[in-house]
Amino acid sequence: QVQLVESGGGLVQPGGSLRLSCATSVSISRFNTMGWYRQPPGNERELVAELTRAGSTNYADSVKGRFTISRDNAKNTVYLQMNSLKPEDTAVYYCKAQSAIYPYWGQGTQVTVSS
163 QVQLVESGGG LVQPGGSLRL SCATSVSISR FNTMGWYRQP PGNERELVAE
213 LTRAGSTNYA DSVKGRFTIS RDNAKNTVYL QMNSLKPEDT AVYYCKAQSA
263 IYPYWGQGTQ VTVSS
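Quick note: the sequence shown, position 49, residue 211 per the working numbering, numbers continuous.
Note that these hints are calculated values from the structure, not bench results.
Just so we're clear, the structure is a prediction, and the values are computed from it rather than from any experiment.
Note that CB positions come from ideal geometry on N, CA and C, so glycine has one too.
The list that follows gives simulated cross-link-like pairs (lysine-lysine, BS3-like), each with its CA atoms no further than 27 Å apart:
1. K248 - K258
2. K237 - K258
3. K237 - K226
4. K226 - K258
5. K248 - K226
Okay, the calculated beta carbon distance ranges per label pair:
6. Y264 - P176: 33 to 41 Å
7. S276 - S189: 32 to 40 Å
8. T230 - P265: 18 to 26 Å
9. S277 - D234: 31 to 39 Å
10. P265 - D234: 18 to 26 Å
11. A222 - G170: 16 to 24 Å
12. N205 - N245: 20 to 28 Å
Could you build all of it, start to finish, from the sequences and the hints given here?
Here it is as structure tokens:
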């Protein structure tokens, strides 16, 4: 059974940094794409960043230049390094693993950017 577990969320001041981690129960090489999504309060879930098996990346315009997605295949973990955080980055952040036929989601981790 595939399980994704996110960690690393918390409260941070504007301009600060956080690194989110997504640990999977199976090899991440099984998935076509690994991604981070977020859901701000009262809004729909949106793509933040994604990383393909081949190593290509895609970022939402709002986070380009501030966030970086990466992976450690040996640890079956995907990361989201978030720098220069803004209050509008406040959201629940979810990890997604997309196989050929099915998407798997983590339970989410809260990120709050506030002074």
